[in-house]
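J.: Here's the letter readout for the chains.
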Amino acid sequence: MKTEDLITALAQGADARPRTGRMGLVLAFAAALAVGMGAAALIVWGLDLVRGPEGMMPAMMKAGFSACLAAAVLPLLVRLAQPGRPIRSALLLLAGMLALAGAVFVVAMLGEAPEARMRAMTGGGFPWCLVFIPLLAIPAAAALFWVVRGLAPTRLAAAGAAIGAAAGGLGAIAYSMYCPIDSPAFVTLWYTAGIGVSAVLGALVGSRLLRW
Amino acid sequence: MTVASDETHLKALFLKGLAGDADAHRAFLAEAAGALRAYFRNRLRNAPEDAEDLVQETLIAVHTKRDTFDPRYPLSAWLYAIARYRLIDFVRRKKRRGIAIPIEDADDALFSAPAQEASDARRDVAALLERLPEKQRRAIQLIKLEQKSVREASALTGWSESDLKVSAHRGLKTLARLFREEESA
Numbered sequence: 142m143k144t145e146d147l148i149t150a151l152a153q154g155a156d157a158r159p160r161t162g163r164m165g166l167v168l169a170f171a172a173a174l175a176v177g178m179g180a181a182a183l184i185v186w187g188l189d190l191v192r193g194p195e196g197m198m199p200a201m202m203k204a205g206f207s208a209c210l211a212a213a214v215l216p217l218l219v220r221l222a223q224p225g226r227p228i229r230s231a232l233l234l235l236a237g238m239l240a241l242a243g244a245v246f247v248v249a250m251l252g253e254a255p256e257a258r259m260r261a262m263t264g265g266g267f268p269w270c271l272v273f274i275p276l277l278a279i280p281a282a283a284a285l286f287w288v289v290r291g292l293a294p295t296r297l298a299a300a301g302a303a304i305g306a307a308a309g310g311l312g313a314i315a316y317s318m319y320c321p322i323d324s325p326a327f328v329t330l331w332y333t334a335g336i337g338v339s340a341v342l343g344a345l346v347g348s349r350l351l352r353w
Numbered sequence: 246m247t248v249a250s251d252e253t254h255l256k257a258l259f260l261k262g263l264a265g266d267a268d269a270h271r272a273f274l275a276e277a278a279g280a281l282r283a284y285f286r287n288r289l290r291n292a293p294e295d296a297e298d299l300v301q302e303t304l305i306a307v308h309t310k311r312d313t314f315d316p317r318y319p320l321s322a323w324l325y326a327i328a329r330y331r332l333i334d335f336v337r338r339k340k341r342r343g344i345a346i347p348i349e350d351a352d353d354a355l356f357s358a359p360a361q362e363a364s365d366a367r368r369d370v371a372a373l374l375e376r377l378p379e380k381q382r383r384a385i386q387l388i389k390l391e392q393k394s395v396r397e398a399s400a401l402t403g404w405s406e407s408d409l410k411v412s413a414h415r416g417l418k419t420l421a422r423l424f425r426e427e428e429s430a
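Order-wise, the sequence lines are chains A and B. Residue numbering for the first sequence follows my numbering, beginning at 142 and increasing consecutively. Residue numbering for the second sequence follows my numbering, beginning at 246 and increasing consecutively.
Hints may be right or wrong, so weigh each one.
What the hints assert, rightly or not - Below, computed lysine-lysine pairings styled on DSSO-like, alpha-carbon distance capped at 30 Å:
(1) B/K393 x B/K261
(2) A/K143 x B/K256
(3) B/K393 x B/K340
(4) B/K418 x B/K380
(5) B/K310 x B/K340
(6) B/K418 x A/K143
(7) B/K261 x B/K418
(8) B/K380 x B/K340
(9) B/K261 x A/K143
(10) B/K393 x A/K143
(11) A/K143 x B/K310
(12) B/K310 x B/K256
(13) B/K339 x B/K418
(14) B/K339 x B/K261
(15) B/K310 x B/K418
(16) A/K143 x B/K380
(17) A/K143 x B/K339
(18) A/K143 x B/K340
(19) B/K380 x B/K256
(20) B/K256 x B/K418
(21) B/K380 x B/K393
(22) B/K418 x B/K393
(23) B/K310 x B/K261
(24) B/K340 x B/K261
No lab work stands behind these hints: they were computed from the structure. What you are looking at is a predicted structure, and each value in this text was computed from that prediction instead of being measured.
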């Protein structure tokens, strides 16, 4: 087929445009996040892992921290899902949020007695959130992958990483409802790392799954 | 023509096309094809047929994904990002088949000297069309190739107009996928 003919053929379809618009885009992402969050919450709740009332206050703090991380990734994700969008400001926002988490970590460590620091940081065992946050991120990641595939990502690994990180943030919110370790140093370090693991997995999957 | 005026001019055409002006959309695609041809040929100096395949693939991508363009941003950045992605994807597909494609280190000026004369693409679109599902194939055949209006096509087939539009749109997407599968086959 000559390119000329292809152009003629394509131009015939000028009126057959599927209209999404900015509003539709926002709704699609919002729906994906809601579905992912709902599914993760249902898993934690369904397995009867939610902490008792006495643990709700710290759980909410941790969920808030996780939500902030997820929110800081979203602008980057939306931009990476469409071709040729500038991402610098979105990267700065994310970097700012990570710096804030780092600052909280340092302050929390300084606030502990020197001999208690190690325990505050490690929580006294293996940081299971590295495993459970990515697991709980799977529903949100699946929904987000579905939305982003319908758009036009041109940097697949980066878009996949952003999906993983955003989904990881939601997974961390759900995990907060169970996680019994409340030390701020632990949370800022390992929750962030758990979201980072999700981002790395997202990048690996993204470069294959997001092809179009 | 300078890059700046090209951007303004192309963007005006593209936005008219988005609003449903088929002539403007056609003019946009024709000019974009010239710019894309120059872009791909600069990078695939030894494979002009591959370059033309990529021009076609990118045109289809630009057409089917035109909803992802936001008028607040430059059109050239959007177009160039898609072209770059199609090129990277192409090289990866070839690499999977064990073929190394040397990419020339050309400068990134998308709008440098458009190349207007198209060489024939390597693949046979007519053959690929045969592999589409019946409805999508008929919709493309009637609306896109025979250039009947959607209403005429609807009268001929008895399918509703919106049904035909959707089928034609899906058909293009399927076609784009077949393009790629054929290459990696």
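J.: Straight-line Cα separation of A/K143 and B/K380 no greater than 30 Å?
T.: Satisfied, since the Cα-Cα distance of roughly 24 Å is no more than 30 Å.
J.: Holds or violated: B/K393 with B/K340, Cα cutoff 30 Å?
T.: violated (41 Å)
J.: Starting from B/K418, check that the Cα of A/K143 is at most 30 Å away, please.
T.: Answer holds: B/K418 to A/K143 is near 18 Å, not above 30 Å.
J.: For B/K310 and B/K418, compute the direct alpha-carbon distance and say whether it is at most 30 Å.
T.: holds (10 Å)
J.: For the pair supplied as a hint, B/K380 and B/K340, is the alpha-carbon distance within the 30 Å limit?
T.: It is violated: about 35 Å lies between the C-alpha atoms, which goes past 30 Å.
J.: Given the proposed pairing of A/K143 with B/K340, does the C-alpha separation stay at or below 30 Å?
T.: With Cα atoms ~26 Å apart, A/K143 and B/K340 stay inside 30 Å; holds.
J.: Within 30 Å, alpha carbon to alpha carbon, are B/K310 and B/K261?
T.: holds (16 Å)
J.: Taken at face value, is the distance from the CA of B/K393 to the CA of B/K380 at most 30 Å?
T.: holds (16 Å)
J.: Quickly compare the C-alpha distance for B/K310 and B/K256 to 30 Å and report which way the hint goes.
T.: holds (15 Å)
J.: For a C-alpha distance cap of 30 Å, please report whether B/K340 and B/K261 respect it.
T.: At roughly 39 Å apart (the allowed maximum being 30 Å), B/K261 and B/K340 break the hint.
J.: With the threshold set at 30 Å, check whether the alpha-carbon distance from A/K143 to B/K256 stays at or below it.
T.: Roughly 25 Å separates the two Cα atoms, so the pair holds.
J.: Hint check: B/K256 vs B/K418, CA-CA at most 30 Å. Holds or violated?
T.: Answer holds: B/K256 to B/K418 is near 24 Å, not above 30 Å.
Violated hints, listed in ascending order, are 3, 8, 14, 19, 24; each of the other numbered hints is respected by the structure.
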